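A.B. asks: Chain A is already provided as a structure; the job is to place chain B on it using the hints.
Listed below are the residues making up each chain.
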Amino acid sequence: MSDLAIRSENLVKRYGRDRGLDGLDLEVRPGEVYGFVGPNGAGKTTTIRLVMDLLHPTSGRLEVLGLVPARDGVSLRRRIGYLGGDFIVNGRQSGAELLGYLAHLRGGVPVARIDGLAERLGVDLGRRIRSLSKGNRQKLGVIQAFMHEPDLLVLDEPTSGLDPLLQQEFVGMVAEARARGQTVFMSSHVLSEVQRTADRVGFVREGRMVAVEPVETLRERAVRRVEIQFADPVSAAEFATVPGVSEVMVADGVLHCRLHGRADALLKAVSSHTALNLLAEEPDLEELFLTYYHGSAETVPAPRAGAHHGS
Amino acid sequence: MAVETLGVPRAPDAVTRTILTKTLWEARRSLIGWTLSIAGVGAMYSAFWPTIDTPEMQQAMAAYPKALLEAMSYTDMASPAGYIGSAVYGLLGAALVVVFTIAGGARAVAGDEEDGVLDLLLAHPVSRTRVALERFAVIAVELMVIMIALWLIMIVISGPAQLEGITAGEYAAAGIQLTLFGLAIGSVSFAVGAATGRRGWAISVASAVAVTGYLANGVFPQFEPLRWTRDVTPWNWFLGGAPLRNGLQMGDCGLLLAMTVVLVGLGTWAFTRRDIGV
Numbered sequence: 001m002s003d004l005a006i007r008s009e010n011l012v013k014r015y016g017r018d019r020g021l022d023g024l025d026l027e028v029r030p031g032e033v034y035g036f037v038g039p040n041g042a043g044k045t046t047t048i049r050l051v052m053d054l055l056h057p058t059s060g061r062l063e064v065l066g067l068v069p070a071r072d073g074v075s076l077r078r079r080i081g082y083l084g085g086d087f088i089v090n091g092r093q094s095g096a097e098l099l100g101y102l103a104h105l106r107g108g109v110p111v112a113r114i115d116g117l118a119e120r121l122g123v124d125l126g127r128r129i130r131s132l133s134k135g136n137r138q139k140l141g142v143i144q145a146f147m148h149e150p151d152l153l154v155l156d157e158p159t160s161g162l163d164p165l166l167q168q169e170f171v172g173m174v175a176e177a178r179a180r181g182q183t184v185f186m187s188s189h190v191l192s193e194v195q196r197t198a199d200r201v202g203f204v205r206e207g208r209m210v211a212v213e214p215v216e217t218l219r220e221r222a223v224r225r226v227e228i229q230f231a232d233p234v235s236a237a238e239f240a241t242v243p244g245v246s247e248v249m250v251a252d253g254v255l256h257c258r259l260h261g262r263a264d265a266l267l268k269a270v271s272s273h274t275a276l277n278l279l280a281e282e283p284d285l286e287e288l289f290l291t292y293y294h295g296s297a298e299t300v301p302a303p304r305a306g307a308h309h310g311s
Numbered sequence: 312m313a314v315e316t317l318g319v320p321r322a323p324d325a326v327t328r329t330i331l332t333k334t335l336w337e338a339r340r341s342l343i344g345w346t347l348s349i350a351g352v353g354a355m356y357s358a359f360w361p362t363i364d365t366p367e368m369q370q371a372m373a374a375y376p377k378a379l380l381e382a383m384s385y386t387d388m389a390s391p392a393g394y395i396g397s398a399v400y401g402l403l404g405a406a407l408v409v410v411f412t413i414a415g416g417a418r419a420v421a422g423d424e425e426d427g428v429l430d431l432l433l434a435h436p437v438s439r440t441r442v443a444l445e446r447f448a449v450i451a452v453e454l455m456v457i458m459i460a461l462w463l464i465m466i467v468i469s470g471p472a473q474l475e476g477i478t479a480g481e482y483a484a485a486g487i488q489l490t491l492f493g494l495a496i497g498s499v500s501f502a503v504g505a506a507t508g509r510r511g512w513a514i515s516v517a518s519a520v521a522v523t524g525y526l527a528n529g530v531f532p533q534f535e536p537l538r539w540t541r542d543v544t545p546w547n548w549f550l551g552g553a554p555l556r557n558g559l560q561m562g563d564c565g566l567l568l569a570m571t572v573v574l575v576g577l578g579t580w581a582f583t584r585r586d587i588g589v
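Just so you know, the sequences run in chain order A and B.
Read in order, the letters of the first sequence correspond to residues 1 to 311 in our numbering.
Read in order, the letters of the second sequence correspond to residues 312 to 589 in our numbering.
If we strip away everything but chain A, and leave its shape as in the complex, we get (with noise of 0.2 Å):
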């Protein structure tokens, strides 16, 4: 028995080709949010259906709220909620049909509880789910995750599909929930996703933990390009001094640079010119994690053409 939330030990799980977990180890602490972050094909989807009980270990030890998946799957799902990453159901049914029956496998949940969420994120219950976007389908996946106010949120990659201002309204929720002492534990392969809301993240690759880290140190760690088109010329060396800044390259009075962490000292430098446009893109998981392996930006090397980063 842990006091934590879940709690994984050398948790290995085989299965397909070359998918799965190879010993992972995982401590979720009880009250957090925590950022379960890694490229596709990294075993977060296999360590959330462990969670669920939906797959079975290979070998090593799983604790969910002190209780074991496979041996207690029934209490220990009544105090979760679940969102996967395809959220697949019966569309010949209203969202206020499946909401209902879901509430009733559960025991029961207040009807104005799910009345409030539908109104919160705008999706109407009595329309066929058929006839719904993906987004408004989606939105019926978080209401039917959020509903009972579990102990447990378990959220596979659940902002894909929600337009940007749902993402917002879905954070609100994500800090409400933390707020009410509820754990939450979600995936996504898109760092800045989980960046808004997570207090800890913890790095995935190929079934392993790579890294765990509080989210203010991987900001302070991001590295991102950044592009600043100004109305004048500017030089090259006039920016490659900036702290943080690296591989400064100026064409056709566009900056382009690498930015390592705080983006105050750049944008110091930009303030004495009149910048038209700026962009700063997602920083890359694989060059975050490669920090990690040779401790500091500098020894960072180039992206491999290819490296492919989150949308």
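Note that these hints are calculated values from the structure, not bench results.
Any given hint could turn out to be false.
Okay, the calculated beta carbon distance ranges per label pair [said to hold, decoys possible]: (1) A:108 <-> B:340: 22 to 30 Å; (2) B:428 <-> A:277: 42 to 50 Å; (3) B:339 <-> A:68: 35 to 43 Å; (4) A:31 <-> B:441: 26 to 34 Å; (5) B:523 <-> A:74: 33 to 41 Å.
Small disclaimer: the values here were computed from a predicted structure and weren't measured.
Where is the CB? At the ideal position from N, CA and C, for every residue including glycine.
C.D. replies: Just chain B now, kept in the frame of chain A:
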């Protein structure tokens, strides 16, 4: 009953209380279709009886090779019980019921799993055993609805179609044995689907069992060394005792029921032990 709101049928709150009733509600239209088809087959073949029951037709039937008639279970076309037992219950009715229960058995676990809708259900505080058993119970309830409809239509049409000598109890006996037979075949499909999560395998294996079992009842036994195969086929447990003539055959019912219980149990057990949706 359903309340229409903006063209969307609203399920009564009561049907969303269990997996069984929710699944039945979702399948209501398809169930009406199956009921009309199978009861319709019963009515249609019954209506042909007066044309079968003529000297010309009986002579024509007698001219067919005995082996062929045996293969079709058309061994007694001279009495209403023989004709209805073969045509309605033994051949077309049985074929439709087998298609219905194989499809239902494959859908119960494997179909929903392949469609991706099983994940959400299993993420709720329900055991896999409960999910599997309620899903199988759906097939049993649906088949009972169909068989009660067939029973009613046979009783109604019996007089006008001059089907003398078959009692309501004998129609019920044939219907019960057909129900148990359908569930036994459906449990093959259910068990393979629950154990593997593959709808295709469920349908293939169950269809192979149904067809082989059919041949073992009417064709293989014509070849002396294979006479024993008739004793181990569910088709014989259904038709061999001629329930429409002799009433309910408790031994045969027991065999069909045992087959169902064992296969549903094995399938459910395998389902609780494996990974979902891999």
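A.B. asks: Run every hint past the structure and note whether it holds.
C.D. replies: Comparing the hints with the structure gives:
Take residue 108 of chain A and residue 340 of chain B: their Cβ atoms lie about 29 Å apart, and the range 22 to 30 Å holds. Evaluation of the 42 to 50 Å hint for residue 428 of chain B and residue 277 of chain A yields a pass: the beta carbon distance comes to about 46 Å. Taking the beta carbon of each, residue 339 of chain B and residue 68 of chain A are about 40 Å apart, inside 35 to 43 Å as hinted. For the pair residue 31 of chain A and residue 441 of chain B, the beta carbons lie near 32 Å from each other, so the given range of 26 to 34 Å is met.
Between residue 523 of chain B and residue 74 of chain A the beta carbons are some 39 Å apart, a value that agrees with the proposed interval 33 to 41 Å.
Going down the numbered hints, you'll see the structure goes against none, and every one checks out.
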